[in-house]
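Colleague: Each chain is listed here by its residues.
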Amino acid sequence: MNQLVRHESFLVPAALVLRQRVIQAVAVALFVSAACFAIVQSLPGDIAFRIAAGRYGYDQVTAASAEAVRADLGLDRPAWLQLLDWLASLARFDLGTSLVTGGNVAGELALHLSGSLQLAAAALVLAFLAGTAAGTLAAFRPGGTLDRALTFWVSAARALPPFLLGLVLILVFSVHLGVLPATGHGESTNIVLPALTLATGLSGLFARVSRDAVIRIRQSDYVRFAATKGLGGRLIFIRHVLRNTGVTLVPYIGVQAIILIEGVVVIESLFAWPGLGHALVHAIFWRDVPMIQATALALALLVVLLNTATDLAVLAIDPRPRTSQAAS
Amino acid sequence: MSMHLQHLIVSHSGQTLVNVSELQLEPGRPLTIVGESGSGKSLLAHAIMGTLPGSLTARGSLTADGTTYDLADPSNRRRLWGRVMSLLPQEPMLALDPTMRAQEQVAEGAATFGTDPGSARGRARGMLAALGLGGAARSFPHTLSGGMAQRVAFAAATIADAPMLIADEPSKGLDEAARADLAELLKRHLHGGGILLTITHDLDLARELGGDVLVMKEAEIIEQGPARRVLETPAHPYTRRLIAAEPAHWAHSWMRRPAGDETKPALITAEGLTKAFDGKTLFADLSLTVRAGERVAISGPSGCGKTTLGNVLLRLARPGSGQVHHAETLGGGRLQKLYQDPALSFPASVPLRDSFGDVIRRHQVPPSRLDELMDALRLAPALLTRQPGQVSGGELQRLAIIRTMLLEPALVFADEPTSRLDLITQEETIRCLMDQVGRQDCALLLVTHDKTLAGAVADRQLALTPEEAPRGTVTPREAVTAIA
Numbered sequence: 510m511n512q513l514v515r516h517e518s519f520l521v522p523a524a525l526v527l528r529q530r531v532i533q534a535v536a537v538a539l540f541v542s543a544a545c546f547a548i549v550q551s552l553p554g555d556i557a558f559r560i561a562a563g564r565y566g567y568d569q570v571t572a573a574s575a576e577a578v579r580a581d582l583g584l585d586r587p588a589w590l591q592l593l594d595w596l597a598s599l600a601r602f603d604l605g606t607s608l609v610t611g612g613n614v615a616g617e618l619a620l621h622l623s624g625s626l627q628l629a630a631a632a633l634v635l636a637f638l639a640g641t642a643a644g645t646l647a648a649f650r651p652g653g654t655l656d657r658a659l660t661f662w663v664s665a666a667r668a669l670p671p672f673l674l675g676l677v678l679i680l681v682f683s684v685h686l687g688v689l690p691a692t693g694h695g696e697s698t699n700i701v702l703p704a705l706t707l708a709t710g711l712s713g714l715f716a717r718v719s720r721d722a723v724i725r726i727r728q729s730d731y732v733r734f735a736a737t738k739g740l741g742g743r744l745i746f747i748r749h750v751l752r753n754t755g756v757t758l759v760p761y762i763g764v765q766a767i768i769l770i771e772g773v774v775v776i777e778s779l780f781a782w783p784g785l786g787h788a789l790v791h792a793i794f795w796r797d798v799p800m801i802q803a804t805a806l807a808l809a810l811l812v813v814l815l816n817t818a819t820d821l822a823v824l825a826i827d828p829r830p831r832t833s834q835a836a837s
Numbered sequence: 012m013s014m015h016l017q018h019l020i021v022s023h024s025g026q027t028l029v030n031v032s033e034l035q036l037e038p039g040r041p042l043t044i045v046g047e048s049g050s051g052k053s054l055l056a057h058a059i060m061g062t063l064p065g066s067l068t069a070r071g072s073l074t075a076d077g078t079t080y081d082l083a084d085p086s087n088r089r090r091l092w093g094r095v096m097s098l099l100p101q102e103p104m105l106a107l108d109p110t111m112r113a114q115e116q117v118a119e120g121a122a123t124f125g126t127d128p129g130s131a132r133g134r135a136r137g138m139l140a141a142l143g144l145g146g147a148a149r150s151f152p153h154t155l156s157g158g159m160a161q162r163v164a165f166a167a168a169t170i171a172d173a174p175m176l177i178a179d180e181p182s183k184g185l186d187e188a189a190r191a192d193l194a195e196l197l198k199r200h201l202h203g204g205g206i207l208l209t210i211t212h213d214l215d216l217a218r219e220l221g222g223d224v225l226v227m228k229e230a231e232i233i234e235q236g237p238a239r240r241v242l243e244t245p246a247h248p249y250t251r252r253l254i255a256a257e258p259a260h261w262a263h264s265w266m267r268r269p270a271g272d273e274t275k276p277a278l279i280t281a282e283g284l285t286k287a288f289d290g291k292t293l294f295a296d297l298s299l300t301v302r303a304g305e306r307v308a309i310s311g312p313s314g315c316g317k318t319t320l321g322n323v324l325l326r327l328a329r330p331g332s333g334q335v336h337h338a339e340t341l342g343g344g345r346l347q348k349l350y351q352d353p354a355l356s357f358p359a360s361v362p363l364r365d366s367f368g369d370v371i372r373r374h375q376v377p378p379s380r381l382d383e384l385m386d387a388l389r390l391a392p393a394l395l396t397r398q399p400g401q402v403s404g405g406e407l408q409r410l411a412i413i414r415t416m417l418l419e420p421a422l423v424f425a426d427e428p429t430s431r432l433d434l435i436t437q438e439e440t441i442r443c444l445m446d447q448v449g450r451q452d453c454a455l456l457l458v459t460h461d462k463t464l465a466g467a468v469a470d471r472q473l474a475l476t477p478e479e480a481p482r483g484t485v486t487p488r489e490a491v492t493a494i495a
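Residue numbers (the working numbering), protein chains in the order written: chain L, 510 to 837; chain X, 12 to 495.
Because the hints were derived from the structure by calculation, they are not lab data. Remember, predicted model here, so these are calculated numbers, not experimental data. For every residue, glycine included, the Cβ atom is placed at its ideal position computed from N, Cα and C. Incorrect hints may have been included.
Unchecked claim - Listed below are several chain X residues computed to face chain L (Cβ distance under 8 angstroms; list not exhaustive):
| hint | residue |
| --- | --- |
| 1 | Arg94 |
| 2 | Ser97 |
| 3 | Leu98 |
| 4 | Ala106 |
| 5 | Asp108 |
| 6 | Thr110 |
| 7 | Gly120 |
| 8 | Phe151 |
| 9 | His153 |
| 10 | Ala167 |
| 11 | Ala168 |
| 12 | Ala171 |
| 13 | Gly290 |
| 14 | Asp386 |
Stated by the list, open to error - In silico negatives: residues of chain L with every beta carbon more than 12 angstroms from chain X:
| hint | residue |
| --- | --- |
| 15 | Phe540 |
| 16 | Pro553 |
| 17 | Ile556 |
| 18 | Ala577 |
| 19 | Trp589 |
| 20 | Gln591 |
| 21 | Asp603 |
| 22 | Thr654 |
| 23 | Ile726 |
| 24 | Ala735 |
| 25 | His749 |
| 26 | Ile767 |
| 27 | Ile826 |
| 28 | Pro828 |
Just need the whole structure built from these sequences, with the hints factored in.
Modeller: The structure is reproduced here in structure tokens:
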């Protein structure tokens with residue numbers, strides 16, 4: 510009976526979250542596609558010339574080759590027709606072919622997506638572990654040396670732009686020390702510098718939030734009651750402090766993951782990491798419209814997906830209802 | 012075993028907050044300490060337990076089971092927690108971890124939890140079942156009522172069989188029925204041969220527990236003896252004052268007026284109100300008229316829907332069906348609400364003067380009115396320079412009264428305005444409220460779970476009773492009684 514009630518209390522709100530997020534995903538897909546399309550159309554220069562350059566090299570670009578591209582891709586059709594075309598294909602889950610390489614966009618996207626996810630996951634895990642560990646330790650002595658060092662770290666990490674930090678790391682570890690590769694992909698060491706750059710920026714917020722949460726929870730009535738019940742410090746920490754800190758931290762993981770998606774665009778280009786951000790920058794440069802559309806869409810849907818995952822995780826670990834309507 | 016406390020002094024930067032020369036606690040005989048907020052009674056309990064805030068220092072000694080502990084060192088009693096002495100917390104709802112099921116929170120206190128969690132859980136399940144909470148063992152705290160949370164906390168505090176139980180204001184905010192249950196629980200601990208020390212400002216709880224009563228005022232014990240003698244024939248003038256502060260003993264000029272004048276204009280007219288919550292009918296087909304200058308109390312146990320009804324009458328909440336009509340005179344801020352917890356109704360980090368300044372500017376109240384009211388409610392103007400957390404609960408509630416009265420309201424809705432205050436502060440607060448209500452001839456709608464308070468203040472009472480009938484049956488709840 511109780512089990513049943515408990516499952517109901519998770520499944521019903523979970524279904525509501527999913528329904529709402531699916532509607533949001535469709536709306537985001539339509540909006541991002543239309544916005545991307547409008548932005549590409551309004552970029553200066555003739556798209557056909559840029560695509561021809563991408564296909565045949567700058568030396569081979571002539572008015573004739575540009576016209577051939579235009580006719581080949583139907584670029585002379587009215588813009589709204591091209592947009593409708595794209596949306597119709599999207600509805601069939603057909604992302605089209607790259608205007609530049611002629612390859613299947615879906616295939617390339619899958620490759621880049623896995624690259625980005627690898628990098629993002631590595632950065633997030635690194636930032637979470639380092640940040641929460643430092644924050645939790647600092648919380649045991651608020652105002653102590655570690656706490657003050659942490660405050661400095663938090664401000665410094667937030668103040669430093671990721672591309673600058675990336676350059677500094679390349680200079681130190683690749684150029685001067687020569688211990689880590691600056692760019693490339695395929696070896697396990699390649700991921701270290703880009704992940705470290707992203708993680709540094711994120712670790713500050715994790716440290717700050719976990720520090721404040723642990724301090725607040727250690728002063729809470731339920732932690733004090735646990736102590737007078739006779740629980741030892743270690744048991745209180747594991748059973749009450751960690752658990753409730755998690756309730757505060759999980760939504761932040763979601764927020765951080767979204768900041769990460771933004772950071773990925775810059776960092777992937779800097780470290781030549783084959784991911785969505787890198788692909789997007791290249792696609793824009795070569796006016797590869799289907800590729801731009803597909804990567805932008807993938808990034809946008811990734812944000813929706815992360816928000817959904819966060820909502821469900823919070824729903825699962827925190828039993829309290831979102832809206833409280835007390836009877837009296 | 013028995014406990015003996017000697018020469019306890021608790022101080023804060025030179026100021027003595029508790030000064031008790033001797034205290035003897037015997038198994039099976041409850042000891043209850045009563046007094047107003049700030050008398051040091053809670054600090055006494057925490058000094059024994061070793062849970063005083065770090066800024067306070069304690070001196071003295073505690074002898075338990077033949078061992079003497081120096082009270083100056085709070086850590087030497089830590090190993091006694093749960094096994095020898097245990098604390099029943101002040102607000103059980105806050106003392107339970109919101110993310111953990113009731114049974115786990117009880118089980119983890121058991122001595123065997125580290126070595127054999129299975130048997131600890133079994134024991135916890137048995138204890139909860141014995142307390143009538145068998146069905147709630149796997150519930151999370153937010154689904155429990157205040158009284159249920161109190162029982163879970165009791166199980167958690169006593170599962171490791173600590174012979175000494177200290178209960179710190181255990182009845183705060185509980186209604187009559189929940190308080191009776193609580194007294195039963197505490198007596199159960201005594202019958203098992205336990206020692207009980209209860210700190211409370213609730214004299215009814217002290218009466219129900221019996222045993223010995225000890226009255227504290229300004230850090231000292233001023234009277235002690237058997238509960239019956241102290242509470243029925245008090246010797247000390249302060250004890251007499253404390254007892255006179257119970258609403259049942261009040262004698263004020265604003266009390267017991269004739270029933271409402273039917274010719275006065277209606278301010279709130281409600282017809283056919285129905286509201287259900289979580290499938291439970293709170294009230295059905297309820298009609299009520301509040302006229303200018305009237306004092307109406309809505310009373311009933313916790314969770315019966317009193318506050319909801321008040322909010323519906325104020326049109327802060329929608330009824331399931333029915334209509335609420337407000338007279339035009341209630342427009343423009345002339346309908347005010349006084350909240351239960353004043354600390355939550357003032358912005359925490361804003362000086363009080365600024366909070367009042369906003370009201371004065373928004374409603375173009377002459378600023379001199381604030382000074383007049385501060386004077387009338389005997390509050391020092393210097394209080395306004397502080398933040399809400401820096402004034403006492405009673406003072407803050409009086410400031411909240413001033414805030415509502417600044418606007419010369421035609422009707423004030425007071426939602427349990429004194430349920431978290433001690434008796435003397437409660438009387439002071441209600442007196443201030445009623446003085447202003449009388450002077451401005453404003454109507455009052457009071458929500459309270461305290462029947463004697465409702466009877467003392469109101470011309471008319473509406474008693475809401477919790478619905479016990481099965482779902483679907485509609486029972487009108489209009490036990491409106493006029494008090495002559």
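Colleague: A separate judgement is required for each hint: does it hold in the structure or not?
Modeller: To see whether the hints hold, each was checked on the structure:
no.: 1; hint: Arg94; result: holds (6 angstroms)
no.: 2; hint: Ser97; result: holds (6 angstroms)
no.: 3; hint: Leu98; result: holds (4 angstroms)
no.: 4; hint: Ala106; result: holds (4 angstroms)
no.: 5; hint: Asp108; result: holds (4 angstroms)
no.: 6; hint: Thr110; result: holds (5 angstroms)
no.: 7; hint: Gly120; result: holds (4 angstroms)
no.: 8; hint: Phe151; result: holds (4 angstroms)
no.: 9; hint: His153; result: holds (5 angstroms)
no.: 10; hint: Ala167; result: holds (6 angstroms)
no.: 11; hint: Ala168; result: holds (6 angstroms)
no.: 12; hint: Ala171; result: holds (5 angstroms)
no.: 13; hint: Gly290; result: violated (11 angstroms)
no.: 14; hint: Asp386; result: violated (36 angstroms)
no.: 15; hint: Phe540; result: holds (35 angstroms)
no.: 16; hint: Pro553; result: holds (51 angstroms)
no.: 17; hint: Ile556; result: holds (55 angstroms)
no.: 18; hint: Ala577; result: holds (65 angstroms)
no.: 19; hint: Trp589; result: holds (46 angstroms)
no.: 20; hint: Gln591; result: holds (50 angstroms)
no.: 21; hint: Asp603; result: holds (46 angstroms)
no.: 22; hint: Thr654; result: holds (20 angstroms)
no.: 23; hint: Ile726; result: violated (9 angstroms)
no.: 24; hint: Ala735; result: violated (7 angstroms)
no.: 25; hint: His749; result: violated (5 angstroms)
no.: 26; hint: Ile767; result: holds (25 angstroms)
no.: 27; hint: Ile826; result: violated (7 angstroms)
no.: 28; hint: Pro828; result: violated (4 angstroms)
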